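**Q** Sequence:
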Amino acid sequence: MAAGQSGTQTAPDGSLIAGLRRAEGFPVPKGMPPALADAITEAPKPVRARLDALLAAHDEARAVLAAVVERSPFLTDLIRVDPVRLLALLEAEPVAALAQARAATQAAVEAASDEAEVMAALRRLRALTALTVALADIGGVFDLTTVTAELTATADAAIAMAVAFLVREGIASRKLRKTGVEGLGYTVLAMGKHGARELNYSSDVDLIVLYDPEVAPLAKDVEAGPFFVRMTQRLVRLIQERTSEGYVARVDLRLRPDPASTPAALSLDAALDYYEREGATWERAAYIKARPIAGDIALGHEFLRQLAPFVWRRALDYAAIADVHAMKQDIHAFRGHEAIAVEGHNVKLGRGGIREIEFFAQTQQLIAGGRDPRLRTPRTLEALAVLAQTGWIGEGAREELDEAYHFLRRVEHRLQMVGDAQTHSLPEDEEALAGFARFMGYADRESFAQALTQRLTRVQHHYSKLFEDAPPRAAVEGRLAFPEGADDRETLATLHRLGYADPKAASATVRGWLAGEPRALRVEGVREELEAIVPLLVDALARGGAPDAGLNAADRFFREMPTAQRLLAALRHNPDLVRLLATILGTAPRLGEMLAHRPSLLDALLDPAFFGALPDEPELTARLAADLAQAENEEDRLDRARRFRQEHHVLISVRILSGTLPAARAGEAFARLADVLIRSLEEDVIARFRAAHGTLPQAEVAVLAMGKLGGREMTAGSDLDLIVLYDFDEEHPDSDGPRPLYGGQYFARLTQRIVNALTTPTNAGQLYEVDLRLRPSGRSGPVATSLTRFELYQAEEAWTWEHMALTRARVVAASPAFRARVEAAIGEVLARERDPARLAADILDMRGAIADEKGEDEPWDLKYARGGLVDIEFIAQYLVLAHAAHEPRIIDTSTLRVIETAQRVGLIDVQDGQVLADACRLLHDLTQVLRLAITEPFTPAEASPALRRLLARAGAMPDFSTLEAHLFETQRAVRTTFERLLRAEPKRRRKRA
Numbered sequence: 001m002a003a004g005q006s007g008t009q010t011a012p013d014g015s016l017i018a019g020l021r022r023a024e025g026f027p028v029p030k031g032m033p034p035a036l037a038d039a040i041t042e043a044p045k046p047v048r049a050r051l052d053a054l055l056a057a058h059d060e061a062r063a064v065l066a067a068v069v070e071r072s073p074f075l076t077d078l079i080r081v082d083p084v085r086l087l088a089l090l091e092a093e094p095v096a097a098l099a100q101a102r103a104a105t106q107a108a109v110e111a112a113s114d115e116a117e118v119m120a121a122l123r124r125l126r127a128l129t130a131l132t133v134a135l136a137d138i139g140g141v142f143d144l145t146t147v148t149a150e151l152t153a154t155a156d157a158a159i160a161m162a163v164a165f166l167v168r169e170g171i172a173s174r175k176l177r178k179t180g181v182e183g184l185g186y187t188v189l190a191m192g193k194h195g196a197r198e199l200n201y202s203s204d205v206d207l208i209v210l211y212d213p214e215v216a217p218l219a220k221d222v223e224a225g226p227f228f229v230r231m232t233q234r235l236v237r238l239i240q241e242r243t244s245e246g247y248v249a250r251v252d253l254r255l256r257p258d259p260a261s262t263p264a265a266l267s268l269d270a271a272l273d274y275y276e277r278e279g280a281t282w283e284r285a286a287y288i289k290a291r292p293i294a295g296d297i298a299l300g301h302e303f304l305r306q307l308a309p310f311v312w313r314r315a316l317d318y319a320a321i322a323d324v325h326a327m328k329q330d331i332h333a334f335r336g337h338e339a340i341a342v343e344g345h346n347v348k349l350g351r352g353g354i355r356e357i358e359f360f361a362q363t364q365q366l367i368a369g370g371r372d373p374r375l376r377t378p379r380t381l382e383a384l385a386v387l388a389q390t391g392w393i394g395e396g397a398r399e400e401l402d403e404a405y406h407f408l409r410r411v412e413h414r415l416q417m418v419g420d421a422q423t424h425s426l427p428e429d430e431e432a433l434a435g436f437a438r439f440m441g442y443a444d445r446e447s448f449a450q451a452l453t454q455r456l457t458r459v460q461h462h463y464s465k466l467f468e469d470a471p472p473r474a475a476v477e478g479r480l481a482f483p484e485g486a487d488d489r490e491t492l493a494t495l496h497r498l499g500y501a502d503p504k505a506a507s508a509t510v511r512g513w514l515a516g517e518p519r520a521l522r523v524e525g526v527r528e529e530l531e532a533i534v535p536l537l538v539d540a541l542a543r544g545g546a547p548d549a550g551l552n553a554a555d556r557f558f559r560e561m562p563t564a565q566r567l568l569a570a571l572r573h574n575p576d577l578v579r580l581l582a583t584i585l586g587t588a589p590r591l592g593e594m595l596a597h598r599p600s601l602l603d604a605l606l607d608p609a610f611f612g613a614l615p616d617e618p619e620l621t622a623r624l625a626a627d628l629a630q631a632e633n634e635e636d637r638l639d640r641a642r643r644f645r646q647e648h649h650v651l652i653s654v655r656i657l658s659g660t661l662p663a664a665r666a667g668e669a670f671a672r673l674a675d676v677l678i679r680s681l682e683e684d685v686i687a688r689f690r691a692a693h694g695t696l697p698q699a700e701v702a703v704l705a706m707g708k709l710g711g712r713e714m715t716a717g718s719d720l721d722l723i724v725l726y727d728f729d730e731e732h733p734d735s736d737g738p739r740p741l742y743g744g745q746y747f748a749r750l751t752q753r754i755v756n757a758l759t760t761p762t763n764a765g766q767l768y769e770v771d772l773r774l775r776p777s778g779r780s781g782p783v784a785t786s787l788t789r790f791e792l793y794q795a796e797e798a799w800t801w802e803h804m805a806l807t808r809a810r811v812v813a814a815s816p817a818f819r820a821r822v823e824a825a826i827g828e829v830l831a832r833e834r835d836p837a838r839l840a841a842d843i844l845d846m847r848g849a850i851a852d853e854k855g856e857d858e859p860w861d862l863k864y865a866r867g868g869l870v871d872i873e874f875i876a877q878y879l880v881l882a883h884a885a886h887e888p889r890i891i892d893t894s895t896l897r898v899i900e901t902a903q904r905v906g907l908i909d910v911q912d913g914q915v916l917a918d919a920c921r922l923l924h925d926l927t928q929v930l931r932l933a934i935t936e937p938f939t940p941a942e943a944s945p946a947l948r949r950l951l952a953r954a955g956a957m958p959d960f961s962t963l964e965a966h967l968f969e970t971q972r973a974v975r976t977t978f979e980r981l982l983r984a985e986p987k988r989r990r991k992r993a
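Residues in the sequence shown are numbered from 1 upward in steps of one, following the numbering used here.
No wet-lab data here; the hints were simulated from the structure.
Quick caveat, the model's predicted, so the values are computed rather than measured.
C-beta atoms are modelled at their ideal positions from N, C-alpha and C, and glycine is treated no differently.
Keep in mind that the hints are not guaranteed to be accurate.
Claimed, not checked - Pairwise CB distance ranges, derived in the manner of DEER restraints:
id : residue 1 : residue 2 : range
1  : A116      : R21       : 36 to 42 angstroms
2  : D734      : P816      : 23 to 29 angstroms
3  : D13       : A116      : 37 to 43 angstroms
4  : D13       : S173      : 20 to 26 angstroms
5  : G183      : A849      : 25 to 31 angstroms
Start from the sequences and build out the full structure, keeping to the hints where you can.
**A** Shown next, in the form of structure tokens:
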């Protein structure tokens, strides 16, 4: 079966199939891989025969295709939809074939008479590109440059063809005078990776659309603004809308000036005025990669020429370098240490990732590119090469970053090839990661993890050195001296320039610290440590945007501390820790108060393992058990449990604020901590309760987590929604202890003791608030319910909303046998046959009632807003209840996992799955930050700049305005999906389930 054994069966030299080479971890199957045979079963017989013969003659290609159909549902679907296409591309030279496909598509679009024909032609081009590039990448035929160049060429061509079609339509409708795209006065700029010809495999295309009303050949009475905005909206639809043939690319217009309040297309003058007036440093960096790709190309180049002085400044002062340094801090508020958790790591935004390499190059281009035009290349690897040639970085650094960039982009592309999703995160669990490692060509998870962490660590090392010695802005702006007797005049001027509204009060505060007014600052040697960090702390608090409030929070922090010696020594030697402390004080004052009372918690941030993997459940259980074992009495035990919870809450919270823990993992971490505490205290309560009241024959107790705890989506402020179920031998209902209790009374009393252990305030504070209202019959029912009564209630009396709540039920504490019985009872309820139309109507009715009660018009009410978390949760709960009878894999307590499973098994389409999953992640990320930072409803106009920046970073957006535009757009998409999936039936009152 080796290549060449039959001359009639091998493909010509230069063809894709002849060049494919398997990775070391890809085994060679003996014959046609079964999954591939299944995918081409509908192909015409001659096509199947030819594919079979070709693969028999090319062992390496057979191994590559076997890996593809095993690991990528998306690519397998492309093969299944059109096996003829697969055969044609395997026999062709890939670069030439793609060029011919683009030319053929252009001819088809030029001949098209309507939008549907254009959309179909563009989507076929994209599908061919996706399959060709994937096979050529996985099989080693294309290097990274060719992969990104071909993906970019197809995106460029598709957008240019779509614009040309819209221009022809404009002429036909007599809104445009006869013209080509040149001289149109309408230009499309590609930004980011698209502009740099570095597109990802499943990337968004970042576009900025501009027009010049003075140039545009518009018919009389046609206004430029509305016409070009509508044209842009149609362009987005042509490229982005999913049809039965897929889509071309997701379009992102949010890099335009002030996207929350500006239209989709802007006039050139408005854009230039914005950048001249208030353009930010990150926007300068973004324009390094800008490139005109469609419409009036000459107009695009002229705009970039006029913008060049904004992007490329001839001189850059220290304050601007400090601003670039602050951008670095916004990417990672605290860079942590060497430990990196591989599972779930984001290879783009995570530590040591692609973003750090791009930032490393771009920021140095900004600093030096104004004086040296050679540095103005948009491509990352070219920029690194020129930086090395011109002496800005060493050749060793260039080589390591270049190699890491190639590796990480390969990982990124392979992740996206699995399901055509714009993902950058590795699988969360070890088994899934092992499967992905094999798709990367590695033998196992460990060898891939070693290769990955080696690159991430190298990138992190070089990134950490970037501007390491840059002085803080406070040192740049002027003198900072705080003499004991009186204010220093120059220092007051410096504080004013830094943004302090009351420089005299600020100076007095700092002078008070240095004079030892706070008790913790009176110890010998502390003053010297404090003096060393004052410029950086003053600067970092000023960067929060509310300097005076931040300084007041720092003053309270120092005054409430019992001791400061170890903390200040750590701050002096870790500038990033100073910035992180400023972020906490400026955005999450409650967390600051906890740290002030227990400053030793900050020591954990200096532990090399802190930013690695979170402690798992066995580790947490062991730590808690060891701590509680030292308790002297019951009160001490409760105090220790509360301190344990506080300590771990602080550590999880700091990870969230520092940007090193995404919301999904934070929610799981908070829930894991709650699980461990509930189990430990429940066991202790039961032991003491039995000592007083004995036990019942065959007695069993189960604690069910519901709501956010059940779904493992907890935040720092979440209550515990619990249900307690029990069972016993009803023939023998009396307990056998010194003070016997009867049946249900026994379990009601026991439940109350468990709740008290979780809620009673002690000297160490409260552990949790507990809510038992989700139990059968709610407030009116007993606090504990027998399993038999629970089953009967769910079968005969429960309302639809109660079954919806049950989709999130999870057993936290129970014996193995009783756990199995409870889980079986819940599973039976969820898997009941239901009328989807009635279920949808009930859910829509309930959503309307919630909107009437809570309102839905405030977009920053992330839970209840139209298109907010409630909409997404209701969709997930509908999917479980409507489909679990026939698709049990859909049952899961996590909203996000339900959505992902529904997409994977075909219950919702890929576009809906992507919209809902992305929205779920975004809303949870923002919610985690808001729950840490504030207790009142969030009002953007009243929020500190530090909190607005923190939210932008949590949403992976460059600034708050862009985040708002993204949030509002996301909410609109979620509500559209909600209404389509739960299309209203005739109105009816909510029914019992």
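**Q** Determine for every hint whether it applies to the structure shown.
**A** Here's how the hints hold up against the structure:
{"no.": "1", "hint": "A116 <-> R21: 36 to 42 angstroms", "in the structure": "holds, 40 angstroms"}
{"no.": "2", "hint": "D734 <-> P816: 23 to 29 angstroms", "in the structure": "holds, 27 angstroms"}
{"no.": "3", "hint": "D13 <-> A116: 37 to 43 angstroms", "in the structure": "holds, 40 angstroms"}
{"no.": "4", "hint": "D13 <-> S173: 20 to 26 angstroms", "in the structure": "violated, 51 angstroms"}
{"no.": "5", "hint": "G183 <-> A849: 25 to 31 angstroms", "in the structure": "violated, 57 angstroms"}
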